[in-house]
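A.B. asks: Here's the letter readout for the chains.
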Amino acid sequence: MQNQKLPCVLINSFEEPYCVNEDHVADLKKRLNFVTMQEFLENKTHFGPKIQAIYIWGGKPVIDKELLQSLPTLKIIVNSGAGLDHLDLNLIASFGVKLANTPHAVTNSTADMGMALLLASARRILEGIEVATSPDTKYFSLNWMGQDVTGSTLGIIGMGNIGYKVAQRAKAFEMKILYHNRNRRKVEEEQAVGAHYCEKLDELLQQSDFVMLVLSLTPQTHKLIGKRELGLMKPTAILINIGRGQLVDQDALVEALQTGIIKAAGLDVTYPEPLPRSHPLLKLKNVILTPHIGSATHQSRRLMMENMVESLLAALSGLSIPNEVNLK
Amino acid sequence: MASLRTLKFLRQFHQKIMQNQKLPCVLINSFEEPYCVNEDHVADLKKRLNFVTMQEFLENKTHFGPKIQAIYIWGGKPVIDKELLQSLPTLKIIVNSGAGLDHLDLNLIASFGVKLANTPHAVTNSTADMGMALLLASARRILEGNEVATSPDTKSFSINWMGQEVTGSTLGIIGMGKIGYKIAQRAKAFEMKILYHNRNRRKVEEEQAVGAYYCAKLDELLQQSDFVLLITPLTPQTYKMIGKRELGLMKPTATLINIGRGQLVDQDALVEALQTGIIKAAGLDVTYPEPLPRSHPLLKLKNVILTPHIGSATHQSRRLMMENMVESLLAALSGLSIPNEVNLK
Chain A
1 MQNQKLPCVL INSFEEPYCV NEDHVADLKK RLNFVTMQEF LENKTHFGPK IQAIYIWGGK
61 PVIDKELLQS LPTLKIIVNS GAGLDHLDLN LIASFGVKLA NTPHAVTNST ADMGMALLLA
121 SARRILEGIE VATSPDTKYF SLNWMGQDVT GSTLGIIGMG NIGYKVAQRA KAFEMKILYH
181 NRNRRKVEEE QAVGAHYCEK LDELLQQSDF VMLVLSLTPQ THKLIGKREL GLMKPTAILI
241 NIGRGQLVDQ DALVEALQTG IIKAAGLDVT YPEPLPRSHP LLKLKNVILT PHIGSATHQS
301 RRLMMENMVE SLLAALSGLS IPNEVNLK
Chain B
1 MASLRTLKFL RQFHQKIMQN QKLPCVLINS FEEPYCVNED HVADLKKRLN FVTMQEFLEN
61 KTHFGPKIQA IYIWGGKPVI DKELLQSLPT LKIIVNSGAG LDHLDLNLIA SFGVKLANTP
121 HAVTNSTADM GMALLLASAR RILEGNEVAT SPDTKSFSIN WMGQEVTGST LGIIGMGKIG
181 YKIAQRAKAF EMKILYHNRN RRKVEEEQAV GAYYCAKLDE LLQQSDFVLL ITPLTPQTYK
241 MIGKRELGLM KPTATLINIG RGQLVDQDAL VEALQTGIIK AAGLDVTYPE PLPRSHPLLK
301 LKNVILTPHI GSATHQSRRL MMENMVESLL AALSGLSIPN EVNLK
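Residue numbers (this note's numbering), protein chains in the order written: chain A, 1 to 328; chain B, 1 to 345.
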């Protein structure tokens with residue numbers, strides 16, 4: 001009887017792959033009554049009318065027209081993370097369903113990840129580890145070198161919440177900061193981090209030692225960095241992507257890395273994820289790949305979960321929804 | 001009768017010998033790997049200094065011994081011992097790359113009346129950057145993440161694979177000299193809470209500028225830190241300062257970062273601590289010895305990141321080191337005040 005008072009929420013699964021975080025389950029179950037996709041598909045008639053919310057974790061379950069049509073009392077979809085490129089916003093709006101994500105919960109951890117990849121690439125950490133641990137290593141060459149971070153130029157493409165946090169961190173490394181954004185930030189915000197606005201992306205690309213992508217994937221930003229843009233970058237420059245894989249023309253990137261058009265890349269995101277095991281990016285010495293872990297910290301994930309539950313409960317109570325996504 | 005061409009050649013040759021004789025005669029280890037000066041620096045160095053390698057010296061001590069006025073130590077080579085100093089009667093100055101002096105017998109050098117200079121400023125930024133690089137790489141498990149991303153067995157990326165949050169966590173800096181302070185400046189931008197332990201307390205303004213709290217007792221720092229970073233010189237007092245007891249005081253979720261010297265840490269105790277979960281992980285740019293034996297347990301632990309003593313390994317830092325060393329060397333030989341002179345008392 002008590003469980004019937006808790007909202008009925010659709011999730012993908014409690015088991016890997018693509019399941020909610022094990023550490024969160026107990027807390028979630030105290031407040032929500034879950035139905036997995038498997039349970040739902042096995043008994044649509046029973047569960048369909050009961051489900052009022054969907055809890056998307058790691059992009060699953062996938063929201064399509066068929067699913068929305070079978071959930072007549074669905075009011076709210078809550079989505080983990082900041083990115084929305086995997087969701088058809090018009091479709092969701094057409095069913096009168098609301099949407100909330102967790103842009104704030106991921107900000108710090110993703111900014112930290114951007115800096116982690118920048119430093120790891122610049123200082124050649126992976127290659128260094130190989131030298132330090134290789135069975136063939138007999139001595140450490142004193143003339144093995146990486147790139148200076150302090151005093152170098154960082155070009156941030158996408159100066160939203162995360163981009164700005166990256167700028168705050170980079171400033172402490174005495175980096176010169178350039179940025180390119182849909183909209184220019186306020187002068188005080190620029191001055192606080194010493195950031196120079198580059199109205200033209202080309203200007204940023206030509207001057208930067210590190211180019212960092214921190215923007216959302218939209219039809220306008222798809223393949224923003226292609227052969228031409230890579231060609232504008234310095235041959236000593238390093239590309240860091242903590243946005244989305246499809247911001248970059250991946251084939252052009254491979255060629256640029258293989259032929260020395262740019263020096264190196266640190267990629268937390270690719271397209272697809274994971275890449276096929278035969279993909280050239282897996283083999284290049286001057287590439288650091290990480291498995292989309294920009295927001296992967298215990299603290300961030302817990303905050304994401306809390307934010308999602310809060311938005312979900314607010315929506316079902318008819319209250320104003322924190323982190324609601326404008327679907328127009 | 002010598003032809004005009006021969007006379008011209010002889011004049012040029014004579015000028016060259018005279019010119020080179022004006023350049024100071026400097027002992028270096030080698031121009032070839034392993035343990036050689038940086039290839040990119042050689043041309044610039046040879047414009048200003050006249051080099052003798054250890055091999056050339058050992059093959060002809062009688063000839064070269066009296067000529068050598070300076071030693072250019074790069075990467076800790078050549079080794080300075082009593083025998084070497086005794087065979088260099090006109091030696092005035094030893095210049096050493098980097099900040100660390102633990103490989104040099106300062107009393108021995110002083111006893112021969114030879115001066116010493118190092119390059120503490122040239123390495124500051126790059127070493128501080130390296131400390132942050134190791135901290136972030138360890139916290140976010142970059143090495144393990146890269147393995148997942150590239151492993152032939154990977155079919156999906158688990159959304160529940162996680163690392164440690166850096167923003168807002170507590171960093172304990174042991175050794176708040178130039179490099180330690182630069183690390184504090186960087187860590188502040190990550191909204192880290194900063195504790196530090198040092199021989200001497202820093203000025204209040206300096207503490208406030210980075211939001212650092214002084215821990216008079218090392219134990220206090222160890223107990224409260226999520227990341228413990230070692231950046232002190234190696235001296236008899238700091239030798240094995242982090243042992244079994246100190247590791248035991250750290251949080252089981254804590255990570256140890258060492259960018260100081262390997263022997264600041266009791267390595268066997270560290271291995272045990274990492275194997276048994278006494279601490280969570282370690283990022284080590286320095287070990288003892290370097291490199292470690294290939295069979296050493298530290299090479300195999302999943303929660304350890306090892307880098308090959310690359311704290312100052314950037315093009316700019318190394319070039320600056322070289323410039324500083326040449327400057328100190330030439331100043332010493334000209335009887336001028338020596339930049340970056342090490343006090344040998």
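Note that these hints are calculated values from the structure, not bench results. Each hint should be verified, as a subset may be incorrect.
Derived lysine-lysine pairs resembling DSSO-like cross-links, with alpha carbons at most 27 Å apart [claimed, not checked]:
#1 Lys193/B / Lys155/B
#2 Lys155/B / Lys285/A
#3 Lys171/A / Lys251/B
#4 Lys188/B / Lys186/A
#5 Lys178/B / Lys217/B
#6 Lys77/B / Lys47/B
#7 Lys155/B / Lys223/A
#8 Lys171/A / Lys203/B
#9 Lys176/A / Lys263/A
#10 Lys188/B / Lys176/A
#11 Lys5/A / Lys44/A
#12 Lys240/B / Lys283/A
#13 Lys193/B / Lys176/A
#14 Lys47/B / Lys61/B
#15 Lys283/A / Lys178/B
#16 Lys138/A / Lys300/B
#17 Lys155/B / Lys283/A
#18 Lys300/B / Lys240/B
#19 Lys178/B / Lys176/A
#20 Lys178/B / Lys138/A
#21 Lys178/B / Lys285/A
#22 Lys61/B / Lys171/A
#23 Lys155/B / Lys138/A
#24 Lys188/B / Lys178/B
#25 Lys223/A / Lys60/A
#26 Lys155/B / Lys60/A
A.B. asks: Next pair to validate is Lys47/B with Lys61/B; report whether the Cα-Cα distance is within 27 Å.
C.D. replies: holds, 24 Å
A.B. asks: Taken at face value, is the distance from the CA of Lys178/B to the CA of Lys283/A at most 27 Å?
C.D. replies: Violated, because 39 Å separates the two Cα atoms, which is more than 27 Å.
A.B. asks: Would you mind confirming whether the straight-line C-alpha gap from Lys138/A to Lys300/B stays at or under 27 Å?
C.D. replies: holds, 17 Å
A.B. asks: Between Lys155/B and Lys138/A, does the CA-CA distance stay at or below 27 Å?
C.D. replies: Cα-Cα ~36 Å, so violated.
A.B. asks: Does Lys217/B sit within 27 Å of Lys178/B, going by the straight-line distance between their CA atoms?
C.D. replies: Roughly 21 Å between the alpha carbons, so the hint for Lys178/B and Lys217/B holds.
A.B. asks: Below or equal to 27 Å on CA atoms is what counts here, so check Lys188/B against Lys176/A.
C.D. replies: The hint holds at about 18 Å.
A.B. asks: Straight-line Cα separation of Lys171/A and Lys203/B no greater than 27 Å?
C.D. replies: Answer holds: Lys171/A to Lys203/B is near 23 Å, not above 27 Å.
A.B. asks: Sort out whether Lys186/A lies within 27 Å of Lys188/B, counting only the CA atoms.
C.D. replies: holds, 23 Å
A.B. asks: Has the given pair, Lys77/B with Lys47/B, been kept, meaning a C-alpha gap of at most 27 Å?
C.D. replies: holds, 22 Å
A.B. asks: With the threshold set at 27 Å, check whether the alpha-carbon distance from Lys5/A to Lys44/A stays at or below it.
C.D. replies: holds, 20 Å
A.B. asks: Regarding the pair Lys178/B and Lys285/A, is the alpha-carbon distance no greater than 27 Å?
C.D. replies: violated, 33 Å
A.B. asks: Between the alpha carbons of Lys193/B and Lys176/A, is the straight-line distance 27 Å or under?
C.D. replies: holds, 25 Å
When each numbered hint is compared with the structure, violations occur for hints 1, 3, 12, 15, 20, 21, 22, 23.
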